[in-house]
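Now that you have both chains on their own, put them together as the hints suggest.
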Amino acid sequence: MRSIFSIVGVIFVSLAIISKAYGLPGESIVFDPTSGNYVVNYLGLDDSGDSDVPTIPRQAIFVPATKIYPIVGSVFKLRETEVVYSYHLSNGSNSPQSLISFIIDPASDIVSSSPLPKRRQDIAISAIEQLDKIGRAALSTPRNWDGIVWTSDAGGLRIAWGYSLLKTPSAGLIAGSSQDGFGFSSKDIPGIGVAQFRGRTPVFGFVDEGPIGEIKNQLRNLRQNNFVPRNIAVPTIAVPVPFDAAVLLDSIRAEVATWPAKQLLDPAYAAQLDRYLAAAADGYRHKQTKTCKEHAENLRQMLAKEHHFLDHDDEDNEDTEEHKRATRFTIDRLAARVLDFDLRYVLNRMERVEEEHKKR
Amino acid sequence: MDARIQKHRMIRWLGCLLVLLSLMTPLVSQAQVESVPHVYSWCGGFYGRGCYASNSIPTSYIYPTDSEAMQADFALRNILEPDTLFTLISCDGMGWCEVCVTTLIALPGGSPVGTKKCSSGLWTAKLPVCPAPKVNPSIPYRYNYGNGMCERPAQQNLTIALSGGSEIEPSNNLTSTVNTLPLIATVIDQNTNQPPTNPVKVKVSLKVAPTSGGHDHGTSDRPRGGIAELDTCPSDDTCWTSPNPTDSGGTVVFNFNAPEASGTYTISATCAECSNTATKPVDVKVDDLWPISASTYYALTEDGSSKIIGSTTEHSSNHYVSSEAQLQLWKLATDFYNDQVRNGVTNPTLLHLNDASLKWGGKFDIHGKWNGQHDEHRRGTVIDVRANSTSGAIPPTLFENYIDMATKLGIDPHLEYKGDPVRQHFHTRLLNREE
Numbered sequence: 098m099r100s101i102f103s104i105v106g107v108i109f110v111s112l113a114i115i116s117k118a119y120g121l122p123g124e125s126i127v128f129d130p131t132s133g134n135y136v137v138n139y140l141g142l143d144d145s146g147d148s149d150v151p152t153i154p155r156q157a158i159f160v161p162a163t164k165i166y167p168i169v170g171s172v173f174k175l176r177e178t179e180v181v182y183s184y185h186l187s188n189g190s191n192s193p194q195s196l197i198s199f200i201i202d203p204a205s206d207i208v209s210s211s212p213l214p215k216r217r218q219d220i221a222i223s224a225i226e227q228l229d230k231i232g233r234a235a236l237s238t239p240r241n242w243d244g245i246v247w248t249s250d251a252g253g254l255r256i257a258w259g260y261s262l263l264k265t266p267s268a269g270l271i272a273g274s275s276q277d278g279f280g281f282s283s284k285d286i287p288g289i290g291v292a293q294f295r296g297r298t299p300v301f302g303f304v305d306e307g308p309i310g311e312i313k314n315q316l317r318n319l320r321q322n323n324f325v326p327r328n329i330a331v332p333t334i335a336v337p338v339p340f341d342a343a344v345l346l347d348s349i350r351a352e353v354a355t356w357p358a359k360q361l362l363d364p365a366y367a368a369q370l371d372r373y374l375a376a377a378a379d380g381y382r383h384k385q386t387k388t389c390k391e392h393a394e395n396l397r398q399m400l401a402k403e404h405h406f407l408d409h410d411d412e413d414n415e416d417t418e419e420h421k422r423a424t425r426f427t428i429d430r431l432a433a434r435v436l437d438f439d440l441r442y443v444l445n446r447m448e449r450v451e452e453e454h455k456k457r
Numbered sequence: 390m391d392a393r394i395q396k397h398r399m400i401r402w403l404g405c406l407l408v409l410l411s412l413m414t415p416l417v418s419q420a421q422v423e424s425v426p427h428v429y430s431w432c433g434g435f436y437g438r439g440c441y442a443s444n445s446i447p448t449s450y451i452y453p454t455d456s457e458a459m460q461a462d463f464a465l466r467n468i469l470e471p472d473t474l475f476t477l478i479s480c481d482g483m484g485w486c487e488v489c490v491t492t493l494i495a496l497p498g499g500s501p502v503g504t505k506k507c508s509s510g511l512w513t514a515k516l517p518v519c520p521a522p523k524v525n526p527s528i529p530y531r532y533n534y535g536n537g538m539c540e541r542p543a544q545q546n547l548t549i550a551l552s553g554g555s556e557i558e559p560s561n562n563l564t565s566t567v568n569t570l571p572l573i574a575t576v577i578d579q580n581t582n583q584p585p586t587n588p589v590k591v592k593v594s595l596k597v598a599p600t601s602g603g604h605d606h607g608t609s610d611r612p613r614g615g616i617a618e619l620d621t622c623p624s625d626d627t628c629w630t631s632p633n634p635t636d637s638g639g640t641v642v643f644n645f646n647a648p649e650a651s652g653t654y655t656i657s658a659t660c661a662e663c664s665n666t667a668t669k670p671v672d673v674k675v676d677d678l679w680p681i682s683a684s685t686y687y688a689l690t691e692d693g694s695s696k697i698i699g700s701t702t703e704h705s706s707n708h709y710v711s712s713e714a715q716l717q718l719w720k721l722a723t724d725f726y727n728d729q730v731r732n733g734v735t736n737p738t739l740l741h742l743n744d745a746s747l748k749w750g751g752k753f754d755i756h757g758k759w760n761g762q763h764d765e766h767r768r769g770t771v772i773d774v775r776a777n778s779t780s781g782a783i784p785p786t787l788f789e790n791y792i793d794m795a796t797k798l799g800i801d802p803h804l805e806y807k808g809d810p811v812r813q814h815f816h817t818r819l820l821n822r823e824e
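Top to bottom, those sequences are chains W and R. Residues in the first sequence are numbered consecutively from 98, following my numbering. Residues in the second sequence are numbered consecutively from 390, following my numbering.
Think about it this way: if two alpha-carbon atoms lie no more than 35 Å apart in a straight line, the pair counts; the simulated DSBU-like pairs of lysine-lysine are: (1) Lys-696/R to Lys-264/W; (2) Lys-456/W to Lys-384/W; (3) Lys-390/W to Lys-402/W; (4) Lys-523/R to Lys-590/R; (5) Lys-264/W to Lys-807/R; (6) Lys-456/W to Lys-284/W.
Listed next, the stretches of chain W that the computed footprint assigns to chain R, with coverage defined by at least 3 CB atoms under 8 Å from CB atoms of chain R: (7) 198-205; (8) 316-325.
It is worth saying that the hints were derived from the structure and are not from the lab. Quick caveat: nothing in here was measured; it's all calculated off a predicted structure. Idealized CB from N, CA, C, for every residue including glycine.
Pulled out of the complex, with its shape left as it was, chain R reads as follows (with noise of 0.2 Å):
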């Protein structure tokens, strides 16, 4: 093969690559950087040389980040004084580095020899460092020497929304009832405005406002509900975290899973990638509840007293019914009264009206340990009238009558702790249904 014919091979070959490279080139200019800008942060340094090095030493240490890649970091780029070591106690994640050196020579100055603390102030110097980021924290911004900014392959830019229904009833337990609000966590990359091109897992945690849903004498770790399969969520922190990733659509469905106590609930979201985290307040709560109207035909506070009968540090408002259970409480106490009346009664007795219903129904905890009896006043429809020896009770010679007037209306009631003298009552389901 003469020479012709190889150097025509090899321009050929040539031409081949440089119409490979061309076409490389692009690609390899799309392999996206994220890039900010350098700043300048209190950080660990040491006296003198910590000048010096200033603008050549961005840190982008994250606590834990061993020392020794410190170490071998400042040894790369010769900084490093002989016979001295750093050791990096703890970063802020903002570039404020708390950094222990020790040396066996003497530093300028007179420093001793030995070991020392930066936050002394004496080894601290602002140097140039590289921002933590705030997406994806874990992959930090390396300095670059070349153009002096901090870079890191391009992050997806996730945020994350929620969305789904904002009320739902309380759960009841001894019906084994659940009532469960599904919601939808949704996930963006901003930077393209489409699901994320890597799924992600979805966090999902559960606060409770104290003292929400009629309830005086919440705290925050009271039961708050669960999330997907977990019946209930213990603490504020995450409590779910998706087993799947987000789906095609960038979305993770769960259900919430409302507690038997009625009150305020704030289901929050996020990704381990995501830059924010979306926030839900949910009610749990029955809707169509009033406080019970004043009437001449029934009682709601104590003879005598403003203080509502019934009502205790834990539950200050114990008064509330649905509009149909209103009606048919306010025609009971009517016809008792008038039976009465009827009868030659000159000081017809006053229906007493102990605990109906909480502001938001649910579980009405009469302890306030969000446990014990009480199990059916939840949803407005019973209501406890007083039918002990206290005063305004019904006497014993009017039960039956107070039973015959409540069965011609179609209400239920039956005493609840007989014979007691004080707590002795009518257990009165307005709408004969035990709820």
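Isolated chain W, as found in the complex (with noise of 0.2 Å):
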């Protein structure tokens, strides 16, 4: 835990040396390593409105939200057609801040009583309310804590928690402690997305209107990366209806592509999945089902020789001790959980229509 303390400091104070280096003289944002705060040094504009040149030196402390240590376990279990997403968070026992905020950004679809707008331009602002109403329904929040969905930036649904009772001294996850019943369920299989948290923090304010420049855009890079990213299983890929397992088997494929960049794959060995994949999705497409079949079931073979137990859908993706013997470096284990959960997926409604076709 310290260690990653010790590298956000790290990105967080070459930020610092940056902003120095560009920074108007006088101007600075200096990590703290004692508090882990940062100090802003910058110059205001005076209150005349006559200068645009800032000349007042000025400070801000600004406390980051990081100062917590986040553990997620992802569980996603298939019933029927939907696949049921919950997730188990603690925070470190050494965590300074308490978590108050759980964000899944983006989601890319869930099960809801009404459609759920994806685009915020496709929302009126008289179906705000109601809209609310259907996504607060559509999640699993536990006690003191609320959720609620709207629509994301990159496209697709925010999902986010926050603990409801700030007003408290203890108010959210304090260190050491942990939390289930956060979750949801979706049409769409899942795929590896980001969670942001953060730990509960003072209010941030400038006694001006804050710097302008170069500091100004340092403190930005620092305010808008001011979480601890997680990666958890989220609703990823839609399921084409009607089924197309080429289709779908190319989404998945999509999907896995962006694995190594997010250091979940070693890339030679994304080459060999790929190879898979691509033959599965070429057989049913040809027409080759048996074929198709072989090639997604190789592909499971490889990934239990990662990791065992993928395909235990009741447990999340805590690194036990069991686990961590059986884990290998070629492929994150939530990530073979993810894809292995994905090709059954695959395989059982490839089943199912091979059934209705038989019954017909």
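This is the structure:
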């Protein structure tokens, strides 16, 4: 945990050095290793409105919301045609801050009583309250937490939970505590997404309107990345209607192709997976379902060699000692679980399609 | 060489000469002349003499044509009284001239010897004059005694037109963003409908409608942007003259450099030989800004009053946002309100909304001086929400809730004027962008 703080600190200090290099004379963002905070020294404008040239020395303290150590477990189970996603969250025992915010952005879609819009321009103001109710009802939210669904700037949905009783001193998930009960259902199968976690911080502000210029840009970078990221299983891959295994396999292949850049997958291993995925999709496309299935099963066997118990859907992604012993570094365990699940989903749906054909 | 041969050669010479002349005649006749009739105008004259001279003295002088020229002209035509000196004081370009006369002899009618100004009336006469040309006025008409017309070499009849866009977004000095609008000035000779034979330089000026763009405090000397390499044009006068004359197509291309403040700007272009000035209004504005919709979840006016929160004499309308920001704002206000209700607050706080953006966005110079802070209120995506000790402010106990609601929606709030009991507010970036 300390090492993570150190890494974050190094990143921020680097930013501070850059900001010193490019800010106005006397301006800087300095990381205080003792407190873990950032001291922002900047020049502010006077209040006369006569000038756009900042001259007045000011200071602000930025307390990052990253003094937490979130551990998140993803569970995803197939129930009929829907995937049930649930998350188990805990905050490391040495976390200086309590964890108060858990955001998934984006998720492709979730099951709700009415379709939830994925773009802001598709929302009328008059529909906001109704959509809010629909979104809340679609989420599983633990007691004392408040969950909402809104649109994502990246397209899709932004699912956010926040601790709702912030007046209390011990608000949020304090160090060493854990919380179940975050979740939803989706018709989309999982990919790997990044969840954002924030700790509780004092309200940030300036005694004036704040810095301008390069220091402002540096501070923006700090604030826009003011969360701890964690990989989780997120609805990402839409299942085509009517079902088409080739199209779905192509989508899975596209998702897997993003994993090496996320350091979830060794590039050489990724190339092997890609060949099998492409072959499986081609097999289905050429009506060779048997070939398609064989390639999918081969893929699953490849994954099983890297990680054990991938098909234990009731378990989350916590790296137990048993799991760690079986873990190799060609593919991240969560990624392997997700891919194995997606392949099983494809095989399952293919079976059902074949059964339906036989009945006819 | 005998006489016959000489005669023969002479005839051949004369023949050649005739052929040459016949060839030259059309060329001479092609030398075009611009001819206009003279007009009668009251002009400087002199008692008595002015009358008999009235049919033969075209006064084409244009101030400050020096008086010696007039003197010489009059003398040449033998109409000058001996020992009399005319001095041209001024001409208005339309034939009306003020003349002083100094004479050493007594003039008829018993006028006194000495200096007189013709403005007395006694010294004026209505004379035929050549009108001042509208095109190329520096080349005046001269009176042709042969045909009684006013003439000068044919001039190009140039007109100018401006084309290009009519809208551009304001610039932003803080991000060193200069938005430029390309404009094209096209000069055409109306006589030929072709570009000018002699390329001309284009002169450009820039004006601003003082109270446009949402600024109620404007004056005609407010910042107006610049032309081409000039960042700013300080006055309504010609700001920029093209360093190069019109190209083969008769055009000069230049950029209008938008200022930070929105408004309606008028770009004018002309040339020395042009008979007109082309103008083009350009709106410097951020599109898609709309007044914030009324809602029961937030307040746009002071409690118990119709006064718009944050409205000033400099900026009476301060509540404009983009459509997307409006949606975010409504959602934030709804969530903030409903969260209080869910937590048992009997009298939930409504968000009290202060400055968003001006009608056309751009620089929101809060003090009306075209400078200073408030630099993010440019594109209708940022709003200030009251968080001080005045009525309707978010109480400090709900600050974290407000931030939490905002964060869930991807909205970025922070306090400005932190600790100031009057000015403290949440500067709220509705689209999580600084603009």
